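A.B. asks: Residue numbering for the sequence shown follows our numbering, starting at 1 and increasing by one per position.
Please note that a few of the clues may not be correct.
As the list claims (entries may be wrong) - Quick list of simulated restraints, FRET-style, between CB atoms:
| no. | residue 1 | residue 2 | range |
| --- | --- | --- | --- |
| 1 | E166 | R228 | 27 to 35 Å |
| 2 | Q104 | A57 | 22 to 30 Å |
| 3 | A53 | E284 | 51 to 59 Å |
These are computed hints drawn from the structure, not numbers from a lab.
Note that this is a predicted model, so its numbers are computed, not measured.
Here a beta-carbon is modelled for each residue, glycine too, at the ideal position from N, C-alpha and C.
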Amino acid sequence: MSLTGAGPKPSPEWERHMCCAYAGERQWARSAAEFVREGLAAGRRVVYFADTAAPAAVVERLGRNGVDAVAAAERGGLVVRRAEDSYLRRPPFDPDRMARAWEQECATAVREGYAGLYAVGEMAWCARGVPGADRLLEYELRLNHEVFARLPLTALCLYDRAAVPEGTAALLTAAHIRRLFPGGRSGARTEPPLGVTPLADRTGFGLRGGADADTRAVLETALAALARLPGPAVHLDLSGADFLDTAAVAALAAAAGAERGRGRRLVVHRPPHSLRRVAAMFPEECGGLEIAP
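Using the sequences and the hints given, assemble the complete structure.
C.D. replies: Below you can see the structure in the form of structure tokens.
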């Protein structure tokens, strides 16, 4: 059986990779429980990765919120695992290992007669100093092009506002094009100082905010993720970036040079005035930057 499964053409990959920063049981139910119910109704296997709760407790919680979870678990349509017993079992957290794991999970679901896979991941572990947690942003950024573009997978990443600091949640949820807002003040959209979001229409990312000493690690993570994306060209949309300091421009120039050495192009779109000014001041160092008209 084909790994992509039968039936209608799947929605774009960015529509199948979504996230929600929630607060409390009601918001969890409006996102997670509804997502699980939708996956089961669509004939998908649903895999739920709980952060710390025992699988039985998650099944009971889903049942309280309108999901026929016991029956689904008994027939194998719902599988609940703890993160520490699955993808966090062998630290550190590794985006490459996770991409392979998703391929195996999808292959198993399709082989056993399901149309594909729905997955829920509770991500609060990212705030507990788990080894490799610093690569979670890279992982979220790479998923659309490396996983969702190839596999019959729809996933919801859950960030519990009670456990994940607001700045961390804002940064990681910004790495999703599709973000669910379950309502209320606690569901309001928060933007990080520098946010990175996958592009829906081409391979690459959009930057929003300022790239300076305070956000250097975010930019470095974005460029590292960019280098892992497939294709002959990768793109950076800087229309939402209001400022790039000299070091940030130098990092972009170095990344462009590295891509050129690999036979690929890094194309910069709609850069802010600060980048153009630095490029004019240092034409030799920035000569490799390809800026789209």
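A.B. asks: All the hints need checking, so say for each whether the structure fits it.
C.D. replies: Now for the hints, and whether the structure bears them out:
no. : hint                    : result
1   : E166 / R228: 27 to 35 Å : holds (28 Å)
2   : Q104 / A57: 22 to 30 Å  : holds (26 Å)
3   : A53 / E284: 51 to 59 Å  : holds (57 Å)
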